[in-house]
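**Q** Construct the complete structure from the given sequences, taking the supplied hints into account.
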Amino acid sequence: MQSENIEGAVMSLRNEPLDWQLETNNPYIPVYHQGNLVGFFKPEYASEIIKILNEEEVLKKALKMACTDLIKKIGGDTRKVNFLMEKYVKTSERPKHGTRAIAVLLQDRQKELDLSNQEFAKFCDTFKLSPTELNNIYAGEAFDDSLLAPLSRILGIVKEQLLQVRDGCE
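Sequential numbering of the sequence shown, starting at 663, is according to the working numbering.
If you are wondering where the hints come from, they were derived from the structure by calculation, not from laboratory data. Quick caveat: nothing in here was measured; it's all calculated off a predicted structure. Incorrect hints may appear among the rest.
Unchecked claim - Okay, derived cross-link-like pairs now, BS3-like style, lysine-lysine, Cα gap no bigger than 25 Å in a straight line:
#1 Lys722 x Lys758
#2 Lys749 x Lys726
#3 Lys726 x Lys713
**A** This is the structure:
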């Protein structure tokens with residue numbers, strides 16, 4: 663009886679997958695960046711990934727040209743092109759925390775409800791967020807905790823979640 667248990671234990675160890683395995687049925691395509699091998703992708707993903715990466719490079723070049731032209735027009739120092747590019751990229755990213763992030767959530771909510779600016783301001787006012795307070799949030803101004811409840815109801819999220827967005831807590 664005891665020998666059966668030992669054999670059963672050995673059998674289950676042999677049936678477990680190994681840490682290192684070889685899969686010969688999955689072909690991968692090598693991907694290069696400026697002549698250097700950077701990785702391998704499955705064929706069904708490779709062309710789309712390369713297309714997106716190349717589009718990103720074109721957009722970076724276009725941004726650099728636009729920033730260079732702008733600096734030249736105002737007679738600035740063209741060595742500050744990269745700084746200006748970083749500034750534009752940072753301001754165009756979707757904010758994750760702070761009043762600007764809440765303003766973006768409000769804009770998303772307005773689109774979700776398919777309301778005009780005036781209709782959305784009235785909608786917010788029914789939840790005790792005045793048009794002035796709404797405009798202040800859109801302007802990026804800090805707001806009082808008394809607006810957490812109305813904002814929570816307007817956005818359809820709990821206060822704790824709203825606080826995390828406003829204050830940057832994870």
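**Q** Run every hint past the structure and note whether it holds.
**A** Against the structure, the hints come out as follows:
Only pairs whose Cα atoms come within 25 Å are accepted, and Lys722 paired with Lys758 is accepted, the gap being roughly 23 Å. Annotation: proposed proximity of Lys749 to Lys726 holds, straight-line Cα distance about 12 Å (limit 25 Å). A distance of roughly 20 Å separates the Cα atoms of Lys726 and Lys713; the hinted pair therefore holds under the 25 Å criterion.
Hint check: no violations occur; every hint is consistent with the structure.
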